[in-house]
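Spelled out from the first residue to the last, the chains are:
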Amino acid sequence: MRIVEVIIASFIIMFALSFANMLAVTPTSPKYEVTELEKMGYNVLFDLDKRGILANFVYNKQWNDLQAALRVLLPLDVYFNLTVCYLNGTEVNEIPIFYGNRETFTSSKNVASVTYCLCGYFNSTINNADYDPRILILQLVRG
Amino acid sequence: MKIIKNGRGQYVIIAILMIAIMIISIGALMHRAVTYYRHEPWEEYLALIGNIELNSKRLVELSLANYSRTLNQSILKTNLEKWKTDIQSTYIGKGITLNYELANNSYNVYGTIIKYSSGLNCSWLQRKSFTAANATFTLDITSIGLTGYKFTALTFLNLTILSVSGRIINATVKAEYKMPVVGLTKENFQVRFGNTVIPILSTRSCYDTKEGIIYTIECAQNISTPIILEVSDSRGIKVIAQYT
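Respectively, the protein sequence lines represent chains X and V.
Using numbering that gives the first Met the number 0, you'd call the opening residue of the first sequence number 0 and step up by one each time.
Using numbering that gives the first Met the number 0, you'd call the opening residue of the second sequence number 0 and step up by one each time.
In silico DSBU-like pairs for lysine-lysine, Cα to Cα no more than 30 Å straight-line:
1) X:K49 x V:K177
2) V:K93 x X:K49
3) V:K149 x V:K93
4) V:K185 x X:K60
5) V:K76 x X:K49
6) X:K38 x V:K149
7) X:K38 x V:K93
8) V:K127 x V:K114
9) X:K49 x V:K56
10) V:K83 x X:K49
11) X:K60 x V:K76
Calculated directly from the structure, the hints in this document are not laboratory data.
Extracted from the complex, chain X is given alone in its bound form (with noise of 0.2 Å):
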């Protein structure tokens, strides 16, 4: 009878157990996830905006360059699709900036999508100084 006693008790220690483990929210909860991948890529795009590289590698159209900084500053197992817009939609990138498997995008549950802004650049070489903004559309997707 007591053996059946000590079963039972260890079935309600594991349920125990389990419940606790259940009720844990991590890091790398889906309720985080989007948050998180947010986060990451509008500090990268802020970084190197101080930094004047993101500028720099947009107005110049240096799109490997651009591609080449973000997959050093991101995790490897995250993957992006960068695009760069003028103000009326129209799509500024003729090669698309993509780090990836393209499959990800359209399957995973938790997609961030970061908008950034830049106002203009001054380019010396035409001694250019006007206002001309553009967006930046990035989509990350951890893989």
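Start from chain X and add chain V according to the hints.
Then chain V, alone, in the frame of chain X:
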């Protein structure tokens, strides 16, 4: 007696069981307390605020570069008006409102009295010349309850001709906070006598304890005064100074 013993044994097991559940529950609570993931929604918006602040300051620099080339006094106001509208439409749904105020009075900026008009001013063709812009922004983001976040964009470039002798011009170039501008080459300078452009052979820079960085500009020919020296920094801001 056996029945009593059996009964006590069951109570003991039940008690141990309850204590075990309590220990596990406390353990689970302790584990959660230690590994609690501190989620700060504010952090998500810091880079967004940084983006708007940084690019608003960049736009003031860009407008000043434009003003120093065209002397269009309304360029800053026109650009900031467009920026204000574009920011609202780009971040639609976030409730962003960016207001600005252009300086229109006299300000003492790093020891120089600057009388701004529409946030812009330049004092050229002096031995100590400058180009300056000043705008104060107020940012509201209603989606996160941020109101009245103020920041000032003060852009300044000063060119001072220290001496002129033979083919050599010594000058200093300083930006905001009287910080010496570094990395200027002969392409950044232009020397004129009247309307005649005098070719520059080389530009050197050396450190001086009093002035910071002094640029030594060597011209292709001997210079006679009054001489005009023009500088354009990496932001495209231009200043023209004259030595008589």
